[in-house]
Amino acid sequence: MSTLPLDPLLLAIGTPLGLAVLIALGLPKRIVTKLAYLGFGVPALCALWAWWNFAAAAKEAHGYAYLARYSTGLDGFGVSLELGLNGISLPLFVLAGVVGLAAGLYALQSTAERMKTYLLLLLVMQAGLMGMFASVDVFFFYFFHELALIPTFIMVGVWGGRDRTYAAMTMTIYLTVGAMLSLLGLIAIYVKSGATSFDLLTLRDTLAARPLHPLTQQSIFGLLLFGFGVLVSLWPLHSWAPLGYGAAPSSAAMLHAGVLKKFGLYGLIQIALPLLPLGALHWSHRLAILAGIGNVLVIGFVTIAQRDLKQMVGYSSVMHMGYAFLGLAAGVTFGLGGVVMLMVAHGLSVALLFLLSTSVYHRTHTFNMEQMGGLATAAPTLAILFIAATFASIGLPGFANFWGEVPIFVALWHFSPTFAAVAVSGTIISAVYGLRATAKVFFGPRSEGFTEVEVAHPPADLTWGEKVPALILLGVLVFIGVCPKSISTGINAALTPAPATLTAGR
Amino acid sequence: MDFSFLRDAAANNDWGALWPELGLGCLALLLLVLEAVLPARAHRHIPAVSIAGQLLLLVALHFDWARQTAPRETFNGLIGLSEHAGLFRIFFILSSVLASVLAQVALSRQKLPRTEFHHIILVVSAAALLLVESRNFVMLFVALETMTIGLYILVSYFRENPRTLEAGLKYLIMGALSSALLLFGIVLLYGAAGNPGLDGHTAHPMQFAGLNDFLSANPDNFLCAAGIVLVLSGIAFKIGGFPFQIWIPDVYEGAPTPVTALLAVTSKAAGFIVLIELVRVFEPFQWLVEPVLTAMAVATVLFGNLAALKQHNVKRLIGLSGVSHAGFLLLGVVSLYQVPQAAGAIYFYLFAYLIASYAVFGVMTVMAGPDDTRQELADYGGLAKESPFLGGVLACGLGSLAGIPPLAGFMGKLFVFVAAFRAGHYRLLLAAIAGVVISIYYYFGWIRMAYFSDETAAAPGGPTRAAAAAGTTIKVTLAILAAVSVILGFYQPLLGRLVSGL
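Sequence lines, in order, name chains V and G. Going letter by letter, the first sequence gives residues 22 to 527 in this note's numbering. Going letter by letter, the second sequence gives residues 2 to 503 in this note's numbering.
The hints are simulated quantities; they were obtained by calculation from the structure and are not laboratory data. Since the structure is predicted, the reported quantities are computational estimates derived from the model, not experimental observations. Warning: the hint list may mix true and false statements.
Every beta carbon over 10 Å from chain V, so not counted as near; a handful from chain G, in silico [as the list claims (entries may be wrong)]:
| id | residue |
| --- | --- |
| 1 | A43 |
| 2 | D65 |
| 3 | R73 |
| 4 | E161 |
| 5 | S180 |
| 6 | A227 |
| 7 | W288 |
| 8 | P341 |
| 9 | P389 |
| 10 | S501 |
Taking lysine to aspartate or glutamate pairs in the DMTMM-like style, the calculated list, with each CA pair at most 25 Å apart, reads [what the hints assert, rightly or not]:
| id | chain 1 | residue 1 | chain 2 | residue 2 |
| --- | --- | --- | --- | --- |
| 11 | G | K386 | V | D184 |
| 12 | G | K476 | G | E387 |
| 13 | G | K311 | G | E167 |
| 14 | V | K488 | V | D329 |
| 15 | V | K213 | V | D226 |
| 16 | V | K506 | V | E81 |
| 17 | V | K50 | G | E387 |
| 18 | G | K171 | G | D251 |
| 19 | G | K171 | G | D372 |
| 20 | G | K311 | V | D184 |
| 21 | V | K461 | V | E473 |
| 22 | G | K112 | G | E291 |
| 23 | G | K386 | V | E134 |
| 24 | V | K461 | V | E391 |
| 25 | V | K213 | G | E291 |
| 26 | G | K112 | G | E161 |
| 27 | V | K137 | G | E161 |
| 28 | G | K171 | G | E387 |
Ideal Cβ positions, reconstructed from N, Cα and C, are used throughout, including at glycine.
Chain V with its partners taken away, still in its complex shape:
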């Protein structure tokens, strides 16, 4: 139980949101840039507090801690703001806090136009991200996701780079389709279960006592799979992702690719799998084929062919989502634990890569890797950090990603050795494009284009404003990589009861 006078989960959502409202009401810019540190710092501190106390906190139904309920006037409809964390949502809540802090710090040192509005949108997004993982009520889970999603569109459209209008429009339409389908799926669960509440705990109890007919489970799971699938860029519904990330301003890309995109996977693990186990069983092979062939192999090769650094990072994130889907398809506790771990690890590493790519751009004035080369001599710290991020993304031991990928590979082996082989070959693919990009950007001969740029704007190494957020992200990556137990204990505790039903049906 919380010993603080204020509910830290509510505080984590309320601080950025309240600041956003203050900015909208016309706070002067000088104060805004000071207060914004608070808006990004408080959620991160709350998340750390929740993580530190989680083992000792009193657990209520289904392993949830810090449960609290606030009425919003819709109790008759079965909706209320209910906050709490279990072993699955806790690491993601921490992820949202850490990446949010890094993205906020990076935004504060940037020289974006109309800084106040930019910070306002980022703060709204941050509030949505914290709320998304802290919500136990399915309605608010969806609500907070949308709250975080809308600012992304605006940020891509206003502050984006090349093709920003087209990218914003594509993203909006793709993601609306995904969100509407998943909303329909969530409504379907609520109505079909016969429960009188959107509360996830009630839904779990109701459906455990009276499971839905297998056919109903299959159709609802299908809706959720494709709805969430669009949001997580499941092949072939992924094409918004590289386009959008290519155009998005760095902080928005960090938050979206790093945290927001995990909404779909989180929804599948936390809601769809435990509530619709037979539906998951029905779809698992199809999902494995889509994710294995499409996301890992096809997108893997597409990533190798990229010339644009930011697009490459965007494609690589689509590819890594393939592992997560494969882990879901394998459907055993071990693999699911790997998926949660990978979600955290990938969130941190992709945010770090987006951050560093933008820092590279500020030095080379282009994202085209053919026009770079030899940046390491001018910016050694940037080079070291970039290499570390690439290693993390490939999944080398010592980084958190390793502990995500290995359990997935092992689980896949039991599911189907073919898919295990596909997944492992994906690691080689990601090593190819990751290392090639590093080589092109930082080492090797200077291209003519870069030599000209270098003369005009001599590149400097990372400033502290850029270093601090990067080091925060890298530090957490290494910490989890060295000490995976810090989050895996909670994940295991939360997962153990759920997939028992899944394997029983097999």
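Keeping the supplied structure of chain V fixed, place chain G upon it in accordance with the hints.
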């Protein structure tokens, strides 16, 4: 001579129950009296009297609606006050007070008499109230005509503009056609229900209750079936249901913007509340009404959204988007058979729609140049840069209309969708979701113009001039509308009970 019948009538005529309608009527007359009495230089204060009077009524109603009373009938069954009567009254008076505020802005650019405009808005609202309270076809028709005739005048009020006159003529002809259809349907029902040769014939065939009894006794009478379809067609004109939406783009474009708002909100909502009542009356003919309305819902959602895609005049765009909203609301109406609580979802949707619509119409009124009919999407270029306030209100309004959380419109759509899912209309829901996705394209097209576009529009109604010209009253109104749109998206202590048990 025995005057007891007069006493009976007087005992049954509960004039006190109609105080908000009477209040609106008296206020309307007061405006005319003031114009005659006051010196010419004081005339400019008359609209303020109208707005203040309506606000007073709203405050009084606020205390009234909280106590939900049991449904009751008065005036010998002409008028029926449902348990939500207080809510509807607040709805329509809210709509008329907002229209009056917009009218102040729009009329300030015209050299036209003002008092009449405000007077007619009040009459139209009073008629709308009586319309949704009528439980008798004669009463329904009289109230409907009173409302529509007022709107005929308002639509062509800017009489020097040929497009406005064209809109007025079109609305007159189409309105007359719809009245004729409705009347013909009423006559057929009256004739059948009053026929002594049929089982269950009734002495009060115009009365909803009597008609319902007769329909239950004759659930396959062909004459009644034809009458029902004709009545539904007449109502479909008001709500803009396919294929009776054909007048909407032209009339919305030509009408003064505050009147467009009245058409889009008051007229449409009145149509829906009447439709909900009629669906209950026609319950024995579910075999007919349900498929007709289902087909209409699908066609309306798809037509409205597809037709809005290519519009560049914002008034036409908002009109066609209003058609698609009629489609979403029809989804709720169709669900009424299986899920009676869907009515609450429709009422919530209407409230969210009212607030979002007036936010958008408010920005449109401020942005309009001297020619009220020419409001192009391109005029909105760079709005957010020139006036972050107007841009923000526009984004809130459009986002709510598009049904994006955390705005009120999303909750409305969610409730209607849940009702439709409960009722088992899965195919209809898929069509509706397709509609939502299409609608995102044009709503965001508008927002994109206001936010993402770099070049500032040079049109006469461009953002720079508009931002400078906006008065305090309209600014405060818009700020309240935007704030309510946002707050109603996640905190619904008052309206939340409408959807209890859905």
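Structure-based check of all given hints:
1. The claim that G:A43 is not at the interface with chain V holds, since no C-beta of that chain comes within 10 Å of its own (minimum 37 Å).
2. Every CB of chain V is more than 10 Å from the CB of G:D65 (nearest about 20 Å), matching its label as outside the interface.
3. Listed as outside the interface, G:R73 is consistent with that label: its C-beta sits roughly 24 Å from the nearest C-beta of chain V, beyond the 10 Å cut-off.
4. Annotated as non-interface, G:E161 keeps its C-beta farther than 10 Å from every C-beta of chain V; the closest such distance is 39 Å.
5. At roughly 38 Å from the closest C-beta of chain V, the C-beta of G:S180 stays outside 10 Å, upholding its exclusion from the interface.
6. No beta-carbon of chain V comes within 10 Å of the beta-carbon of G:A227; the shortest separation is about 36 Å.
7. Remark: the non-interface label on G:W288 is consistent with the geometry, its nearest Cβ contact in chain V lying 25 Å away (cut-off 10 Å).
8. Every beta carbon of chain V lies more than 10 Å from that of G:P341, the smallest distance being close to 15 Å; the non-interface claim holds.
9. G:P389, annotated as away from the interface, has a beta carbon of chain V within 10 Å; the closest lies near 8 Å.
10. With a cut of 10 Å on Cβ distances, G:S501 falls inside the contact zone with chain V, its closest approach being about 3 Å.
11. Pair hint G:K386 plus V:D184 holds up; C-alpha atoms about 20 Å apart against a cutoff of 25 Å.
12. Proposed proximity of G:K476 and G:E387 is supported: the alpha carbons are some 15 Å apart, at most 25 Å.
13. With a C-alpha separation of about 22 Å, the suggested pair G:K311 and G:E167 falls inside the 25 Å cut-off, and the hint holds.
14. For the hint pairing V:K488 with V:D329, the CA-to-CA distance comes to about 23 Å; that is within 25 Å, so the pair holds.
15. Of the pairs offered as hints, the one joining V:K213 and V:D226 holds, with about 14 Å between alpha carbons and a cut-off of 25 Å not exceeded.
16. For a cut-off of 25 Å, the pair hint linking V:K506 to V:E81 stands: about 22 Å separates their Cα positions.
17. Our distance criterion of 25 Å between C-alpha atoms is met by V:K50 and G:E387, whose separation comes to about 18 Å.
18. The suggested pairing of G:K171 with G:D251 holds, with an alpha-carbon distance near 8 Å, which does not exceed 25 Å.
19. Taken as a hint, the G:K171 and G:D372 pair is honoured in the structure, with Cα atoms around 19 Å apart against an allowance of 25 Å.
20. Annotation: proposed proximity of G:K311 to V:D184 holds, straight-line Cα distance about 22 Å (limit 25 Å).
21. A hinted pair counts as satisfied when its Cα atoms are at most 25 Å apart, and V:K461 with V:E473 qualifies at roughly 17 Å.
22. The suggested pairing of G:K112 with G:E291 is violated, with an alpha-carbon distance near 49 Å, which exceeds 25 Å.
23. About 11 Å separates the Cα atoms of G:K386 and V:E134, which keeps this hinted pair within 25 Å; it holds.
24. Taking the CA atoms of V:K461 and V:E391, the gap is about 7 Å. The hint holds against a cut of 25 Å.
25. Taking the CA atoms of V:K213 and G:E291, the gap is near 23 Å; set against the 25 Å cutoff, the hint holds.
26. Straight-line distance between C-alpha atoms of G:K112 and G:E161 comes to about 10 Å, which keeps the hinted pair within the 25 Å bound.
27. Proximity of V:K137 to G:E161 is assessed by CA-CA distance (about 45 Å); at most 25 Å being required, the pair is judged violated.
28. Distance restraint check for G:K171 and G:E387: the Cα-Cα separation of roughly 37 Å exceeds the 25 Å cut-off, and the hinted pair is therefore not satisfied.
This entry does not satisfy hints 9, 10, 22, 27, 28, going by the numbered hints stated previously.
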